[in-house]
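Work out the full structure: start from the sequences and follow the hints.
Protein chains: 2
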Amino acid sequence: MRPFVYENPTRLYFGEGQIRHLTDEAVKLGRRVLLVYGGGSIKRNGVYDAVLEALGAAGAEAVELPGVEPNPRISTVRKGAQLIREHGLEWVLAVGGGSVIDCAKAIAAAAVFEGDFWDVISRRAKPTGALPLGTVLTLAATGSEMNGGSVITNEVTKEKLGWGSPFTYPRFSILDPAYTASVPRDQTVYGIVDMMSHVFEQYFHHDEQAPVQDGFCEAILRTIVDAAPKLMEDLGNLELRGTILYCGTMALNGTLSMGVTGDWADHDMEHAVSAVYDIPHGGGLAILFPHWMDRASARYPEKFARMAVNVFGVRPDGKSAAELAKEGIAALREFWKSIGAPTRLADYGIDDSKIGEMAQKATAFGPIGRYITLQAEDVEDIYRSAL
Amino acid sequence: MRPFVYENPTRLYFGEGQIRHLTDEAVKLGRRVLLVYGGGSIKRNGVYDAVLEALGAAGAEAVELPGVEPNPRISTVRKGAQLIREHGLEWVLAVGGGSVIDCAKAIAAAAVFEGDFWDVISRRAKPTGALPLGTVLTLAATGSEMNGGSVITNEVTKEKLGWGSPFTYPRFSILDPAYTASVPRDQTVYGIVDMMSHVFEQYFHHDEQAPVQDGFCEAILRTIVDAAPKLMEDLGNLELRGTILYCGTMALNGTLSMGVTGDWADHDMEHAVSAVYDIPHGGGLAILFPHWMDRASARYPEKFARMAVNVFGVRPDGKSAAELAKEGIAALREFWKSIGAPTRLADYGIDDSKIGEMAQKATAFGPIGRYITLQAEDVEDIYRSAL
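In order, the protein sequence lines correspond to chains A and B. For the first sequence, the positions run 1 to 387 when the numbering used here is used. For the second sequence, the positions run 1 to 387 when the numbering used here is used.
Be a bit skeptical, because a hint or two may be false.
Just so you have them, the derived chain B footprint on chain A, three or more residues with Cβ under 8 Å [said to hold, decoys possible]:
(1) 2-11
(2) 15-25
(3) 200-212
(4) 218-224
(5) 243-255
Just some of the chain B residues that point at chain A, by a computed CB distance under 10 Å [said to hold, decoys possible]:
(6) Phe4
(7) Gly17
(8) Val212
(9) Ala219
(10) Ile220
(11) Met250
Facing chain B, according to a computed beta carbon distance under 10 Å, are these residues of chain A, among others [claimed, not checked]:
(12) Pro177
(13) Leu240
(14) Gly259
Hint data in this document are derived by calculation from the structure and do not stem from the laboratory. Owing to the predicted nature of the structure, the values given are computational and were not obtained by experimental measurement. The C-beta atom is built at its ideal place from N, Cα and C for all residues, glycine as well.
Laid out in structure tokens, this is it:
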């Protein structure tokens, strides 16, 4: 294990009916709140009403910022920060999935930042603080509800960049499985791919003596592999929704990366694709990750062999690590396909015309990945294999 | 999964050399600190000097409370609270194992409590707050470094009671594997039994749909079962010390009990034994837990069968759950014996003369346990089987 510092101050309210705690939190954080949400599904499924009722019980008034995009944009962040300044708001409440929460984090930090907040996201400046942030989660996917990270797209420069800070951990997050029950099939699948990808990014590391972390990763992956197909048959099942919801949060709240250094190249590669083509993040990951695995396992097959046995139940039976690795990656491909994830860039109409541009974007800050290192030409190879 | 609220604000500094962060923490928390420690081993192994140096670099002055007992006493708590009031101290630093940290938690809360703090520990009053607390851990065992719980003994009434509060989570804990390297063999074993027992208390629950939590429990148990025998052969091995240290913290920081209701009867039973006989907590648990398992598995064999397969590698081979459960419990007995844990109350010279008294103490607040419910006479049976 490597030396590490771990801290996660987010208070988690998990389970049906936990929205009632929003009232107490609003009493603590203030009466003037910016309410950030997305395309309006929360108005159809009753979450919006429940949120306003809980805020109202605290005497809180919300100024609204609806319409946050699936890949949230810096222009929306600027708009949110402007609303906060204009109306003298005290805190930010995100009601939605990872995109809404990521946007709200950027807004909360931009509201107290002097200057253009894109400088922070593009690592030319450091955040100086943030207003308090709370979340009501409506999509099991990114884990943003319990970490300080955020991904924002600059629609002008066509960059999609991750950033994060200790200031932007939510003070609280409300996770009610019923609030995710009306998520449609495709979004449910993308969320499942996303959370599994987060585990993979942390599972593939070269740090010795991290058996607890490796076992935790495998427990989450096994749980998803078991629960997801059942959920696909029964999308309204709240027990299964709860299991998947919990997996998404645990996959990226810092627990799995204590003492290990994850890879994260696939996220860089996918962000470049969806910055150029605006495709769903989970869809892009489902397409790219198996190809990265082909490449990484050719050099380091052992961890992939372990994944095959411990996650997908492949029988070892005297097979070599390379053989097991191949079977494990095939099992992952089959699993993702079985729940309806895309398998090729062509599924989104993406051809080879912008591969060079995307590879440049993915490696804009230098070579990517820690498990294996990828230069721009390696990234091009992976994109090409995924066409 | 049950609805739950989770929050753990403790900042963890894990790894060799992390003591350097103590200086920054002292700058934040104040110059006047109560330094709480135990029998003086920290003066022999250099930890005391490193702590004073780090405090000194922050310009902090320590008033010392040495001599905290292995089962910390309410009289020591009162003494610590008195020192804080006399000297106007601002925060508490515990340097030691679980007993020292538990005592420091009680001191931090007693210092701001009006009245007799035993009323809080015996659940007749609620804590009203606490001074900030930091810890430097020197023993992998109780997990107290990352939770709000504490166990205190009243040497007059011969009661040993657990209590806890959100106020008494350490602000920070420094976990350096090298600081645990000189822990003698028997204390190392007791610590290992203690952390495994914490996992068992949370693993045996009746809540459905907690596959992640169950998998996390098994990952920690498997890791300990693998690492502990190697550590017994090589007590100074810092990688193995680090692995065990990490397991102890993760076993009781709230992660394993999200959404499930643990049992905890064995802890109640052991506290009654060590309140009367002052034996090591880990030793008492090693003696009692297998007998509790015999009883619980007779009624609910399935989870014990799962433990047998997933923790101890017992081959299922068409065996019944009851058969697997027996093999699993036998494997646990063999494992604890193999690392040198005691197996019978007679190992501490305990006979049947105070069984009734201990059973009364264990059930003083009513029947104990959630996985199976134990009345006083059931507790007597378990004590008797463990003679």
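Status of the hints after comparison with the structure:
1. 2-11: holds (count 10)
2. 15-25: Coverage by chain B holds for the region 15-25 of chain A (5 residues, Cβ < 8 Å).
3. 200-212: holds (count 4)
4. 218-224: holds (count 5)
5. 243-255: holds (count 5)
6. Phe4: holds, 5 Å
7. Gly17: For glycine 17/B, the interface hint holds, since the closest Cβ of chain A sits about 7 Å away, which is under 10 Å.
8. Val212: With a minimum Cβ separation of about 5 Å from chain A (threshold 10 Å), the hint on valine 212/B holds.
9. Ala219: Since chain A brings a Cβ to about 3 Å from alanine 219/B, closer than 10 Å, the hint holds.
10. Ile220: It holds, given that the least Cβ distance between isoleucine 220/B and chain A is near 6 Å, below 10 Å.
11. Met250: At 6 Å from the nearest chain A Cβ, methionine 250/B passes the 10 Å test, so the hint holds.
12. Pro177: Since the shortest Cβ distance to chain B is 9 Å, the answer is holds.
13. Leu240: Where the cut-off is 10 Å and the nearest Cβ of chain B is about 8 Å from leucine 240/A, the hint holds.
14. Gly259: Nearest chain B Cβ about 7 Å off; hint holds.
Hint check: no violations occur; every hint is consistent with the structure.
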